[in-house]
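Trainee: As a plain string of letters, each chain reads:
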Amino acid sequence: MATIPADGVRSTLAKKKGGFFRRPEDAPVDLREETLRLEAEGEWIVQRVAEPYVELPTKYGGKKKVPLEHTWHHKSCGQCGHIPGYSTSIFWLHRALELDYSDPKDQTSCTAWNYYASATSNAAAQAGVAMRNFAAAYESGYYPVIHCGTSFGHYKEVREEMVHHKELRDQVRAIMKRLGKPLVMPEEIVHYSEWVYAVRGLIAERRVYDVSNISVTVHPACHYYKLVDEDAIYDPEIYGGQRTAIVSGVAQALGAQVKDYSTWFDCCGFGFRHILVQRDFTRSFATLRKMEVMRDEANPDVTLTHDTGCVTTLDKSQFAAQGHDHKVSIPVMSEAQFAALAMGAHPYKVCQLHWHSTDYRPLLTKMGIDWEKAWAEFEEEIESLRRGEKEYLTWDDVDAAVPARSVALAKRGYTPSRFDGQS
Amino acid sequence: MAKYFDSSPSKIKYDDVPYEKKEELFQQVKSDIRFDDYLYGCYECGICVAACPSARFYDFSPRRIAQALAREDVELVFQQMNEDVWDCSQCFSCLRCPRGNNPGGLITIMREVSINNGLRTAKEALEGYSRIIYKIMSTGTQVSPDMLQPEAFPDWGPEVKQVSDNLDLWRRALPPETMHTTTTSWEVDEKTIVELYLIWSMTGVMDLIRNVDKNLHMILTDVMEERLEEAGYEAN
Numbered sequence: 001m002a003t004i005p006a007d008g009v010r011s012t013l014a015k016k017k018g019g020f021f022r023r024p025e026d027a028p029v030d031l032r033e034e035t036l037r038l039e040a041e042g043e044w045i046v047q048r049v050a051e052p053y054v055e056l057p058t059k060y061g062g063k064k065k066v067p068l069e070h071t072w073h074h075k076s077c078g079q080c081g082h083i084p085g086y087s088t089s090i091f092w093l094h095r096a097l098e099l100d101y102s103d104p105k106d107q108t109s110c111t112a113w114n115y116y117a118s119a120t121s122n123a124a125a126q127a128g129v130a131m132r133n134f135a136a137a138y139e140s141g142y143y144p145v146i147h148c149g150t151s152f153g154h155y156k157e158v159r160e161e162m163v164h165h166k167e168l169r170d171q172v173r174a175i176m177k178r179l180g181k182p183l184v185m186p187e188e189i190v191h192y193s194e195w196v197y198a199v200r201g202l203i204a205e206r207r208v209y210d211v212s213n214i215s216v217t218v219h220p221a222c223h224y225y226k227l228v229d230e231d232a233i234y235d236p237e238i239y240g241g242q243r244t245a246i247v248s249g250v251a252q253a254l255g256a257q258v259k260d261y262s263t264w265f266d267c268c269g270f271g272f273r274h275i276l277v278q279r280d281f282t283r284s285f286a287t288l289r290k291m292e293v294m295r296d297e298a299n300p301d302v303t304l305t306h307d308t309g310c311v312t313t314l315d316k317s318q319f320a321a322q323g324h325d326h327k328v329s330i331p332v333m334s335e336a337q338f339a340a341l342a343m344g345a346h347p348y349k350v351c352q353l354h355w356h357s358t359d360y361r362p363l364l365t366k367m368g369i370d371w372e373k374a375w376a377e378f379e380e381e382i383e384s385l386r387r388g389e390k391e392y393l394t395w396d397d398v399d400a401a402v403p404a405r406s407v408a409l410a411k412r413g414y415t416p417s418r419f420d421g422q423s
Numbered sequence: 001m002a003k004y005f006d007s008s009p010s011k012i013k014y015d016d017v018p019y020e021k022k023e024e025l026f027q028q029v030k031s032d033i034r035f036d037d038y039l040y041g042c043y044e045c046g047i048c049v050a051a052c053p054s055a056r057f058y059d060f061s062p063r064r065i066a067q068a069l070a071r072e073d074v075e076l077v078f079q080q081m082n083e084d085v086w087d088c089s090q091c092f093s094c095l096r097c098p099r100g101n102n103p104g105g106l107i108t109i110m111r112e113v114s115i116n117n118g119l120r121t122a123k124e125a126l127e128g129y130s131r132i133i134y135k136i137m138s139t140g141t142q143v144s145p146d147m148l149q150p151e152a153f154p155d156w157g158p159e160v161k162q163v164s165d166n167l168d169l170w171r172r173a174l175p176p177e178t179m180h181t182t183t184t185s186w187e188v189d190e191k192t193i194v195e196l197y198l199i200w201s202m203t204g205v206m207d208l209i210r211n212v213d214k215n216l217h218m219i220l221t222d223v224m225e226e227r228l229e230e231a232g233y234e235a236n
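First to last, the sequence lines map onto chains A and B.
Numbering-wise, the first sequence is residues 1 to 423 according to the numbering used here.
Numbering-wise, the second sequence is residues 1 to 236 according to the numbering used here.
Watch out, some of these pointers could steer you wrong.
Said to hold, decoys possible - Under the rule of at most 16 Å between Cα atoms (straight-line distance), these lysine to aspartate or glutamate pairs were calculated in the EDC-like manner:
1) B:K161 - B:D146
2) A:K63 - A:D229
3) A:K390 - B:D168
4) A:K390 - B:E177
5) A:K177 - A:E187
6) B:K13 - B:E127
7) A:K366 - A:D170
8) B:K191 - A:E380
9) A:K373 - A:E389
10) A:K166 - B:D37
11) B:K191 - A:E139
12) A:K166 - B:D36
13) A:K105 - B:E75
14) A:K105 - B:D189
15) A:K259 - A:D229
16) A:K65 - A:E51
17) A:K63 - A:E230
18) A:K105 - B:E177
19) A:K105 - B:E187
20) A:K166 - B:D32
21) B:K22 - B:E75
22) B:K161 - B:E177
23) B:K123 - B:E187
Simulated from the structure, these hints should not be mistaken for lab results.
Modelling step: build the complete structure from the supplied sequences, incorporating the hints.
Mentor: The following block contains the structure:
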């Protein structure tokens, strides 16, 4: 059931003087075209998005190719470090949908969290880090998909700078030469949430819990859609194309109730430097401008977002606020974790919710998930590790929970032009 | 040297410098390759301020940043490099600018110039941050699981202590094998770390670190030179 009034938005806008519809002719320079032009001029190699891919609509009416499998996963510092169920859920979704991926060790951080926090770097170093990672993906034969919203936004900035400044390209080319790597720019810079959006139909089809009674608020991540904005996914069917469709479209496909709130455009308060050394700002902003507004205007069961810093900030900030008599307690997680839960992923072995701060148990109960039983199962695994019966929890331990039903794309009649993520 | 004091107690005190130095700093900002892509003028509409999270909690305005740079107001730019730029959240909500300005990007450049020139206010803004810079530059990942210590994050709730107490077991209970680490976010292979060190070395980032924190520079240099030499490279 659609819970976002796209028709209402469209009809309201149509009545406005001049309308507010974006026109393709107003779009900025097409960086993908420029990237291909520079390849033709011998400046670099362009890694093409190979089939199978899905074409998704972008802000000014363009199309963006999002690869469905054979993807090289550019992991996120904060996700892997402090909210590991985020990354694990992304991988689990690939496994559950039987879509091939690579989890590489020859990947570094984009280093942009540090750059936006401390400025202890420069344009050439940042571009060097980005292009080293892109070269590593290219050499593996897999296509880069980026987990962190800040990495995604920053890499789009790097692409823009590399396209426009030959002196920067020359400097980075020299670095790559010393590393023994080719200078490679991907045809598209792809965020994992675009992949989740692309396969939302497959996810919804494999949902094992009814989430129609779950109300959701969505925090769109700033660095996803504000940095190099023309590259973000905007779907006319969601918010009338007036906001990015990412996350909302997934929650809607799952059948959850997506509720609106007035401060949706505000950032989370992460601040990059502030979250680490000036958290009074972060806590205050996250509580006063986001979580309390969501509570008062939408009273959601859960807040979904699609970036590292946003999950961290919105989740962790609520504890201290409670100490100051701000009675707010809304669980926060990524849409990947929510989708995995709805598909039957284990809340602790896969979604790793014990790393989160705000109480998520009422949400699980409302979804019909027996969290007490699940925690007992997880503790059993921990005891097994403690006793030395096994060294690690492995994919074999959690894949068994996935219903053994093939969703191979060929069997679904996939073609790039008509597969829209809905089965 | 004269000290400037703002009426707001939250403002950082900073040292005055001759006008020629301020002009030099401004020219460094202006000569950055990104400057012309980030500043086109200002309608003074205030949309950037309305969208700015820092403007709600600090005496801070992205509009004033864009205006000062557009007017080439060298004195005000110097003041902003000392007083304002570290308040920015770097969320880039200000990219809503109808003129196409990027005040957040301009601030990134101003911060970089502040660091490059070792301004005292930049060093003060980064106090307590050195271990993060060390982590990202030496390991290739920014935050590690073992940073989750209750004394460092008392405001994040009792779950932080649980994570800390069970860290090794809980990391081993992650299905992706790349994430069985406690000192880095994921496992980065040796060759990749060396390649990262070469990037820092070839782009002048180590010189930049020296300007802002000599001790950190010394420690990082030791770590990097040893591994670069083991891999058959010279640091420079």
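Trainee: Take the hints in turn and mark each one as holding or not.
Mentor: Status of the hints after comparison with the structure:
{"no.": "1", "hint": "B:K161 - B:D146", "verdict": "11 Å, holds"}
{"no.": "2", "hint": "A:K63 - A:D229", "verdict": "14 Å, holds"}
{"no.": "3", "hint": "A:K390 - B:D168", "verdict": "14 Å, holds"}
{"no.": "4", "hint": "A:K390 - B:E177", "verdict": "14 Å, holds"}
{"no.": "5", "hint": "A:K177 - A:E187", "verdict": "21 Å, violated"}
{"no.": "6", "hint": "B:K13 - B:E127", "verdict": "15 Å, holds"}
{"no.": "7", "hint": "A:K366 - A:D170", "verdict": "56 Å, violated"}
{"no.": "8", "hint": "B:K191 - A:E380", "verdict": "37 Å, violated"}
{"no.": "9", "hint": "A:K373 - A:E389", "verdict": "22 Å, violated"}
{"no.": "10", "hint": "A:K166 - B:D37", "verdict": "15 Å, holds"}
{"no.": "11", "hint": "B:K191 - A:E139", "verdict": "14 Å, holds"}
{"no.": "12", "hint": "A:K166 - B:D36", "verdict": "15 Å, holds"}
{"no.": "13", "hint": "A:K105 - B:E75", "verdict": "48 Å, violated"}
{"no.": "14", "hint": "A:K105 - B:D189", "verdict": "6 Å, holds"}
{"no.": "15", "hint": "A:K259 - A:D229", "verdict": "24 Å, violated"}
{"no.": "16", "hint": "A:K65 - A:E51", "verdict": "9 Å, holds"}
{"no.": "17", "hint": "A:K63 - A:E230", "verdict": "10 Å, holds"}
{"no.": "18", "hint": "A:K105 - B:E177", "verdict": "10 Å, holds"}
{"no.": "19", "hint": "A:K105 - B:E187", "verdict": "6 Å, holds"}
{"no.": "20", "hint": "A:K166 - B:D32", "verdict": "14 Å, holds"}
{"no.": "21", "hint": "B:K22 - B:E75", "verdict": "7 Å, holds"}
{"no.": "22", "hint": "B:K161 - B:E177", "verdict": "24 Å, violated"}
{"no.": "23", "hint": "B:K123 - B:E187", "verdict": "31 Å, violated"}
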